[in-house]
Amino acid sequence: GAGVSQSPRYKVAKRGQDVALRCDPISGHVSLFWYQQALGQGPEFLTYFQNEAQLDKSGLPSDRFFAERPEGSVSTLKIQRTQQEDSAVYLCASSLVLAGGPGTQYFGPGTRLLVL
Amino acid sequence: GIQVEQSPPDLILQEGANSTLRCNFSDSVNNLQWFHQNPWGQLINLFYIPSGTKQNGRLSATTVATERYSLLYISSSQTTDSGVYFCAVERDNYGQNFVFGPGTRLSVLP
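Protein sequences appear in the order of chains A and B. 1 is the number of the first residue of the first sequence in this note's numbering; add one for each residue after it. 117 is the number of the first residue of the second sequence in this note's numbering; add one for each residue after it.
A portion of the hints provided could be inaccurate.
[To be verified] Partial chain B-side listing against chain A, Cβ under 8 angstroms, derived: (1) L159; (2) Y164; (3) A181; (4) Y185; (5) S198.
[As the list claims (entries may be wrong)] If you anchor each label on the Cβ, the simulated ranges turn out as follows: (6) S223(B) - E68(A): 37 to 45 angstroms; (7) R81(A) - G132(B): 33 to 41 angstroms; (8) N161(B) - K14(A): 30 to 38 angstroms; (9) Q130(B) - S73(A): 31 to 39 angstroms; (10) I160(B) - K78(A): 22 to 30 angstroms; (11) P218(B) - L116(A): 37 to 45 angstroms; (12) A38(A) - N154(B): 33 to 41 angstroms; (13) N161(B) - S73(A): 42 to 50 angstroms; (14) Q50(A) - Q130(B): 44 to 52 angstroms; (15) V12(A) - Q158(B): 17 to 25 angstroms; (16) L225(B) - F66(A): 16 to 24 angstroms; (17) N154(B) - N51(A): 29 to 37 angstroms.
Hints listed in this document are in silico derivations from the structure and should not be mistaken for laboratory results. As the structure is a computational prediction, the values presented were derived from the model and not from experiment. Cβ coordinates follow ideal geometry from the N, Cα and C atoms, glycine included.
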């Protein structure tokens with residue numbers, strides 16, 4: 001596709017439920033990022049992939065959060081045993097260049113997660 | 117870690133007015149981008165501008181890397197310019213991720 005796509009766009013989960021959020025980056029983009037955006041705040045970094053390698057997961061808030069990109073394209077962010085504080089918009093971005101290099105990150109529309 | 121500040125936090129304009137948004141950062145960076153987040157939540161890249169000046173239609177941006185700030189200019193504002201403007205930076209020689217500022221919320225009134 002022409003841009004980064006994410007699914008689902010909206011997800012309502014009961015506390016304790018597991019969720020999986022999908023990101024389809026722009027074809028050929030090496031770098032893939034996940035961000036969490038709480039209401040009224042700027043996005044905050046969660047994790048970074050270079051192709052299939054997860055090079056930085058320092059932003060993941062707890063061990064309930066897990067991300068993968070097994071074939072270096074589509075990525076999935078999984079949240080286990082969701083808590084109310086996990087409610088946020090989860091944004092995916094991709095870039096043609098390696099992190100730290102000159103280039104632009106392109107963002108998907110986000111998945112809005114609400115945990116009841 | 118690097119700190120990013122944006123000012124003003126909120127801005128209300130009448131359609132047709134001009135405005136300047138500012139981004140200050142606390143350390144050297146090798147990547148700086150301005151984004152517009154529209155009311156539907158989509159983040160749209162406006163400029164990749166680690167240094168220098170760029171223009172795109174009614175928008176222009178200037179980054180003075182040595183003084184650690186960037187400015188976004190919006191001229192002849194339109195109601196569709198409403199939303200939140202974020203500055204985001206990647207750090208020198210580290211750059212694994214963007215650090216976003218808190219944003220400037222712009223409302224353009226008809």
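Right, here's what the structure says about each hint:
no., hint, in the structure
1, L159, "4 angstroms, holds"
2, Y164, "5 angstroms, holds"
3, A181, "13 angstroms, violated"
4, Y185, "17 angstroms, violated"
5, S198, "16 angstroms, violated"
6, S223(B) - E68(A): 37 to 45 angstroms, "40 angstroms, holds"
7, R81(A) - G132(B): 33 to 41 angstroms, "52 angstroms, violated"
8, N161(B) - K14(A): 30 to 38 angstroms, "36 angstroms, holds"
9, Q130(B) - S73(A): 31 to 39 angstroms, "46 angstroms, violated"
10, I160(B) - K78(A): 22 to 30 angstroms, "28 angstroms, holds"
11, P218(B) - L116(A): 37 to 45 angstroms, "28 angstroms, violated"
12, A38(A) - N154(B): 33 to 41 angstroms, "18 angstroms, violated"
13, N161(B) - S73(A): 42 to 50 angstroms, "21 angstroms, violated"
14, Q50(A) - Q130(B): 44 to 52 angstroms, "46 angstroms, holds"
15, V12(A) - Q158(B): 17 to 25 angstroms, "21 angstroms, holds"
16, L225(B) - F66(A): 16 to 24 angstroms, "45 angstroms, violated"
17, N154(B) - N51(A): 29 to 37 angstroms, "31 angstroms, holds"
The structure shown violates the earlier hints numbered 3, 4, 5, 7, 9, 11, 12, 13 and 16.
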